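S.K.: Each chain, letter by letter, is given below.
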Amino acid sequence: MTLALPAGPSPAPRRQIFVGTALAGLAGTMMMGGMLAVWALIRQRAVDAGERFPVKFIIPEVATNVMLITIFALCLFAQWAVYSARRGDRSHTGLALGVVLVLGIAFINAQAFVYTQMEMPLAGSGYATMFYAITGTMVAIVIAGLVYTVVAAFRSLGGRDREYEVISAHAMYWYFTAAAYAALWFLVYVTK
Amino acid sequence: MTTIEHTGIEHDQRAVLFGDGKVGSFFSAVADWATSTDHKKIGRLYAGFGMLALIGVAVIGALLGLERTNANGYVLPEDSILQLFQLHRVGLVFWVAIPLTLGAAVAIVPMQVGARAIAFARLALTGFYAWLAGAVLTIVALAGNGGIGGGNAQMVDLFLAAHGLMILGIAATAGCVATTVLTSRAPGMTMRRVPFFSWSALVQALALLVALPVMFGVLIYLFVDARNAQLVFGGPLGIGNWIGLFFDTPVVYIYAIPVAGLLAEAMPVAFGRRHPMRQVVFAGLALIGVAALTGATLQNDFATTFNGDGSSVIKHLVVLAFFVALPLLGGVITLATAAMVAKPSGDAKPSIRVISPLIFGLLGTLMLVLGMIGGVLVDLSDLELAGTVFGEAATVFVTFAAALGGLGALIMWAPKLWGMQIPEKKVLPLALLGTLATVLAAGPHYVAGFTGQDGETGVYMGDGASSALNGIVLVGYALMVLTVLGVVGAIATSRGKGDQNANPWCAHTIEWSTTSPAPADNFAAMPTVKSAEPELDQTPEGSPS
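For the protein sequence lines, the chains are V and F, in the order given. In this text, residue positions in the first sequence follow this note's numbering: the first is 1305, and each later residue adds one. In this text, residue positions in the second sequence follow this note's numbering: the first is 46, and each later residue adds one.
Simulated from the structure, these hints should not be mistaken for lab results. These figures come from a predicted structure and were not determined experimentally. From the three backbone atoms N, C-alpha and C, an ideal C-beta is built for every residue, glycine too. Please note: incorrect hints may appear among the correct ones.
[As the list claims (entries may be wrong)] Okay, the calculated bits of chain F under chain V, using three or more residues with CB under 8 Å as the criterion:
no., region
1, 151 to 165
2, 225 to 237
3, 272 to 282
4, 377 to 387
Start from the sequences and build out the full structure, keeping to the hints where you can.
M.R.: Spelled out as structure tokens, the structure:
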């Protein structure tokens, strides 16, 4: 007599967090891409009309360049966290995620510095509303990334250090963020 | 991976909390539905509110039709017409087409691909609430003189924020659907073996994720601009210029993709045979998704004239062909491949079972293609249809097609969702009634468009001929209300009846191997898939030779 075996457990979903983060990155890319495209369109209209864009404000470029370097350095540390997590090196994973957190906060600090140096009233001009809208969205994306970093750190330090998928997905999020900021930096801060 | 497992303990806890009496049972059921992470419940919540909204939107459409029958003044309060016009258009897209199709996808797709749960179930539920809150706030904003051209600045801000909230919710849920298809398929189910409906849901989810975030970004600009300088985007009056394309053809095609998926799914079931051209159907459904690029690129000017010089005509025709005609080609391919299923093979005559999901899918896809044809014609400048009700009619064709697809999907998978098959004598007439309603609600405006009836100002002062046509439109909307009430009634009166057959349609895909209704985690034992039609493989005539 053959006894039927009970059904086995269902297969583990294949890299669900990674794919989910990739889709979030796709949506974020489309959002930032759309905002940058509208920026370029409005800028072109202003230039065609013989206006200066921006009108009169000076952008502190050193700070914006440092922000670019910061966000790329941040990606490096996020990837270090992946490397460490794959090797089961919990302490270095935590250290890398901690540095990511610090660099993310430094990025936001630099953006606040840019705002204070420009002394541009929000309601003063069309340029100001667009500038604050697009850079504010970028800051929101970085804040979301910091929340992601905290969640990944808690999971890793809480003992789920073998599940490095979330660390990989976290790194991918920062790659998207860096790409988005690079495009913003070029269009808003360099091309102006 | 998900940390959600359904144990049944949650239900017991609610029974303790609310008691066992009738009132307690009611609140227990409400709490169960409101907090459930079961994708079948989340999907039905979406679809349920979508049906409710369809009734409301159809009533508004009927009121606008009534307004248009009067050529000598206003039937409705003059200052409410602009808001009603916007309620109608926003409602068609964000409260009817998207929740009905996306809700059906949430409820059905995880079962179809053999997953125990939808990916990120809590996010899907949160997405539903974000969408619902956004929808309610949009109504509040429009009621308070907000919206496009609104006179109340705070309500205009609320209108924009509410749209952002709806988009966040829809995008979150679409992400869950797409992740489920991409990561949680049953063993052996390669992407080539994914059921048609799930494929169409995947295409729609990706299209939504490509198009709607661009609208979200524009809304951020509009919101900041509306609250401050109002120098760049034109303030409340300029809103329509920036986001209007998301409520118009061709972007609206992406909201209706699952209706074509339903047709592709139901056709082989009706004929009891395998689909001979699976990959072509996949391509056709994906081509409809090309419409998402219109939203992604904020492209809303496809006006093409044949009066210009050769290079100019070709340039405009290329743009028109890519953005507007390619999705139409996708719709036509879906219809054509469905016909291929009916084609006799060898000496065997095909035998068909006329089942309601097939009728919903077939007629719904026909309505979609009619809307797509209208979308092409409205861009041909020589026909002078731009700015008339012709464009509005195309949108109504497409969004009502989406509604027919959502209703048809709920009816097809009712055995898995409610544990009963709705009697065909109840729902077959409803499929025909819904189609008639669509034709009457939109068709007369195709004619009125050629007579030049204005469609964009929101103020309707028609002549005698268009008054008669608008009267027919009014009847169409009234019939759509009856259709939805009929479907709700059929579901309500069929519960607790029927034979609980696991596969009453003799359908081919994996979800029909589980019990009816499907358990909370969908499958008692996870099946392994060895073909695109695993259930058909189990029958003598379907055994692979």
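S.K.: Look at each hint and say if it fits the structure.
M.R.: Taking the hints in turn, this is what the structure says about them:
no.	hint	result
1	151 to 165	holds (count 4)
2	225 to 237	holds (count 5)
3	272 to 282	holds (count 4)
4	377 to 387	violated (count 0)
When held up to the earlier numbered hints, the structure conflicts with hint 4 and nothing else.
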